[in-house]
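Line by line, the protein sequences are chains C and S.
Residue numbers are given in the UniProt record's numbering: position 633 of the first sequence equals residue 633, and the series is strictly consecutive.
Residue numbers are given in the UniProt record's numbering: position 285 of the second sequence equals residue 285, and the series is strictly consecutive.
A portion of the hints provided could be inaccurate.
[What the hints assert, rightly or not] Label pairs and their in silico Cβ distance ranges: (1) S:Q289 x C:K492: 39 to 47 Å; (2) C:D297 x S:N428: 31 to 39 Å; (3) C:R108 x S:D266: 50 to 58 Å; (4) C:F289 x S:Y243: 26 to 34 Å; (5) C:E448 x S:D57: 41 to 49 Å; (6) C:S484 x S:M393: 46 to 54 Å; (7) S:D235 x C:A478: 16 to 24 Å.
These are computed hints drawn from the structure, not numbers from a lab.
Note that beta-carbon positions come from the ideal geometry of N, C-alpha and C, so glycine has one too.
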Amino acid sequence: MAPPHQQSQRSASPSQPSGKSEVTDLKSQLRQLAGSRAPGADDAKRDLFKKVISNMTIGIDVSALFGEMVMCSATSDIVLKKMCYLYVGNYAKVNPDLALLTINFLQRDCKDEDPMIRGLALRSLCSLRVANLVEYLVGPLGSGLKDYNSYVRTVAVIGVLKLYHISASTCIDADFPATLKHLFLNDPDTQVVTNCLSALQEIWTLESTTSEEAARERETLLSKPVVYYLLNRQVVFQQIVSYTLIFDELNLGVGNAVWHNIKEFNEWAQCLVLELVTKYIPSDNSEIFDIMNLLEDRLQHANGAVVLATTKIFLHLTLSMADVHQQVYERIKAPLLTQVSSGSPEQSYAILSHLHLLVLRAPYIFASDYKHFYCQYNEPSYVKKLKLEMLTAVANESNTYEIVTELCEYAANVDIPIARESIRAVGKIALQQYDVNAIVDRLLQFLEMEKDYVTSETLVLVKDLLRKYPQWSQDCIAVVGNISSKNVHEPKAKAALIWMLGEYSQDMQDAPYVLESLIENWDEEHSAEVRLHLLTAVMKCFFKRPPETQKALGAALAAGIADFHQDVHDRALFYYRLLKCKVSVAESVVNPPKQAVSVFADTQSNEIKDRIFDEFNTLSVVYQKPSYMFTDKEHRGTFEFSDELGNLSISAEPGDAVVPAQIVEANDKDLLLSTEEKDEGREPGINGSAYSAPSYDGSSAPSATSQPLADLSFLSSSTPGQAPSSSLAIDDLFGLDFSVGTAATPSPPSLNLNPKAALDPSTFQQKWRQLPISISEEYSISAQGVALLTSPQTLLRHMQSHSIHCIASGGQSPNLKFFFFAQKAEEASSYLVECIINTSSAKSQVKIKADDQSSSQAFSTVFLSALSKFGLP
Amino acid sequence: MISQFFVLSQRGDNIVFRDYRGEVQKGSAETFFRKVKFWKEHSEDEEGDAPPVFNVDGVNYFHVKVAGLHFVATTRLNVSPSLVLQLLQRIARLIKDYLGVLNEDSFRKNFVLVYELLDEVIDFGYVQTTSTEVLKSYVFNEPIAVDTAQIPALGPASIFMQGNKRMPATAITKSVLANEPGGRKREEIFVDVIEKISVTFNSSGLILTSEIDGTIQMKSYLTGNPEIRVALNEDLGIGASDYRGSGAVILDDCNFHESVHLDSFDVDRTLSLVPPDGEFPVMNYRMTQQFKPPFRINALIEEAGPLKAEVTIKVRADFNSSINANTVLIQMPLPTYTARVNFELEPGAVGNTTDFKEANKRLEWGLKKIVGGSEHTLRAKLTFAQELHGNIMKEAGPLSMTFTIPMYNASRLQVKYLQIAKKSKADNPYRWVRYVTQANSYVARL
């Protein structure tokens, strides 16, 4: 009888047992050996254990052997012990009852005289991941943290973190975080310190959502004494002593405290420390230079991760100093290029992704190093593709000729995907406006190569070029006209060719006839995109050369209207009706005079690019997406904490020239996501300058101000003046209590709001971050309200009439997001509201924060009554 | 911070699998393998290999391929890709240090030892140490040696295994835990200067681009961790501004292993270090200064009638006749319509192989050995199945060449001396300083 899970194993190697019968077999063999003290028994056990582990590895469930394995574990043979620990760690979670059996021997081993055994046992004990066994962990962990042996302590520190993940309350109740903090600041062993840092970051970040104290503790990790403690600056030692220490322990122990030098940490720990330093905000420029000088030699490290982490610090520290920032680019160039060429292709890929990000921000930096990005024939395609992107990005007046020449070599390459990419790269460079003249010639030469894929790619490019540079039409049309549409198969290319036939039908002699033959084969054309283009092209052609095209147009419209594809059908019908209405009207709709496209829509907004830059040295750079686009919310926090702190102050510096402020259109779909980040304390970094809110008033945001949120276009500036008088009247209608003087004892439902309330954006943001959520509720909105929400302004005006002002809004249907604020009429006590409205479910989620917590319920009532009236007459 | 680490064979079997945090589902190895294997079909753009990092359903997969095995890490967090990829590479090297040889067979035989290592290298997803040295005290399994005779070449240093009688072939495939028969360790240290050169020649034989990527690699089997001093060319310049007179070697940039002290590097170009156990790069460097390429290539393709063409390839070895290049292979893509190729070697040519790879229309010319100063020519007559349009030059090429030249380095960077601070006079450790140059991308365009 074949065991059911046997099939799931693709191919267990013949030496490995597979299946249930083997497991039973192993079971009986283990039983026999369990009590044996005979000489050679350990060797036999080793072999058996190996078989068990081997089965476990390939995915066979050997949990049935749990009892036997535990029985055999009474041994002094450390190799056996380790295998047993591995086994137990793997299966304890699914066998919580049996796991209890192991507690005994693990606890005993935690007291072994050999520190190695103590460490191993403690690690295994903490890896059981069984919630009801946590009580057994506290004791051994406590003594492990105090062990004289550093190995045991390193294990114990991570053990605390494991315990926290099994049972946070047990961990907190035992006051382990405080113990870790103490070790973090006093332990002479760098690995203990490193693990403490990892564990504390994780624990405090998770705790900070509920505990103010943890949030404060988390902040202290970024304090000057801690950062300097890790970096060990002898030079400024004196300053630190006089500095008001947040960590009192450091203060007390400063005489004999161990100070670490970053170089004492191993390379992985260095990365961790450097990541922490990224978030630290130096108080002045001289401190910035101190840190940079100290870390300068990290750029020569052989480990690319250390180099990138250092690069990140350098770039972020100098954001506010334009000239130094430039020097940083110059400084990091050579080490990063060395990393590209000295590592494995995988490592090159990671580094090149970062170079690509940098080059988009500062194209000139690699302008003279373009040859480094020439592809080598034996590189994996993922590296080649990145290099092509680099070449496109570094192209400028001085190097375009060489780069395009090189790219043309690749276009003839046997590696077809890369050949295609190369042609696209040539096109992109052409669209960047350098030396278009020569490039157009090259592109046209591609068409003469008569390779299908080359022709296809080139046609698409020529189309885009013509949209930007109509002046080239004569040259291009002459060549394109020679291409037989029969040789073009790819939909994109075909669509491009058809577009040109339509657009330039007056210059292409046989355009009507080519279109006609294409229309004859309508049914064989599988791509709807091509059919759509065909309809439009034949229309355009008709306006220019009516007699020749009339027949084809009729055929096309007939075929289009009969088309099964909805869009094609609709377009054909639309054209038909337009023509029926009036030909001149149809022409003005279908073929109006065009302006050359000056800039093609960028696929990524600057906001996103800035966000990615903030997340330098993370996956965001490789994926070219900010982390919120690919990471679940609960996994975002740990590493990203309190980024906003650092970024706020950075962007608060004036002259932030590298990051041009940008106003993003109100409907930018990323807005919802970007604002969503604001709602919790542990969101990933949001660079002030990267922050965007919609600007409804259309005025451009002040870009040169030193406000952290300079690029937000806020409504508040326009609110106070507009509505107050009417809103007063409406408030009256609600019968709210206007009597001043009762504020001392606020009776819940009566609350007066200041109709002229004003709050500046940065204060709002700060308050939003500091205040806890007082009320969080969900409400329904009337259908009429939802209908009105096609334009957010309606809601804004409505709320404003209730003295509740909008400070920022965004999102895209169905999810709209608003931030409101209001102030008490008699004092400067504010209420902040986040309101997410889902128009499809007609529900709204409201989160309220208040300076005066006691009145938040009253405010909530006011807010909701206002909201519920939205849309009602 | 990573969640899981696993190693998959070429067929996708788990060889080792370690779940550190239990945050990623168990089937991740299968998800990963399917994604990588079918990458081409999955992506719309028919791109080639799966990139080293990708995301499936919120799980980030990192992988490096070493010795035909996939080393994979997963995580849900937005971590540093560079760190994880470097870590995977390091784990591979670490395992090689312990097993002596890295391949599927040695892995399968020693997987318990590998688990021991993995337990200490990463705890709950956090890297603890990757030092071969430190880990020695935590490893209790003894490596089971595999037959090293048929091991395919792995890593740059493996080239020394062939054709160099002066050193024991087993040395490089020896585990750091291994002892010589008789219980005594053999005291020896290997310093290898490995240079990979990239050169592109244009159609008229001029150099378009050239670069050397070099590594000084060390593998120490010395007991007692003595300090070592390595002296390089005294006039070695670093960076374009560091001009040290004509004829001096100028590196664009370099970086160093963390054990290296550079206290006197600026003065006399010596590195001092206490080498940790195992193999590691002491220094990586990069040079774009002009150098003499070891080979000159001339390639020509001419039409010889409506369905015929002739290819002529000439290779000249521009180095000293006491030096030989090994395992030379020249490849050239031919026009798509090529149906048949007749090769014509020089009279008296030995150790030459010629082949026409029908599937990808490629000409291959292999030479076992090229002696310095010699010149070799290959003529190939092509027959086409269909008449050619357009320019035949655009249909063929470029020509690429791979080779290995032991005891030759293109950059002229040298290890002038290697000093070991000895504790006892009795032992004089073996010191091997070796040079090798390999082609990275050696291309001639038509």
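Outcome of the hint check:
Our hint of 39 to 47 Å for Q289 (chain S) and K492 (chain C) holds, since their Cβ atoms are close to 45 Å apart. As the Cβ distance of D297 (chain C) to N428 (chain S) is approximately 35 Å, the hint placing it in 31 to 39 Å holds. Taking 50 to 58 Å as the suggested C-beta distance range, the pair R108 (chain C) and D266 (chain S) conforms, at roughly 56 Å. With their beta carbons about 28 Å apart, F289 (chain C) and Y243 (chain S) fall inside the hinted range of 26 to 34 Å.
Checked against the hint of 41 to 49 Å, the C-beta distance between E448 (chain C) and D57 (chain S) comes to roughly 46 Å, which is consistent with it. Between S484 (chain C) and M393 (chain S) the C-beta distance comes to about 24 Å, which lies outside the given range of 46 to 54 Å. One distance hint, 16 to 24 Å for the beta-carbon pair D235 (chain S) and A478 (chain C), is violated here, with the actual separation near 59 Å.
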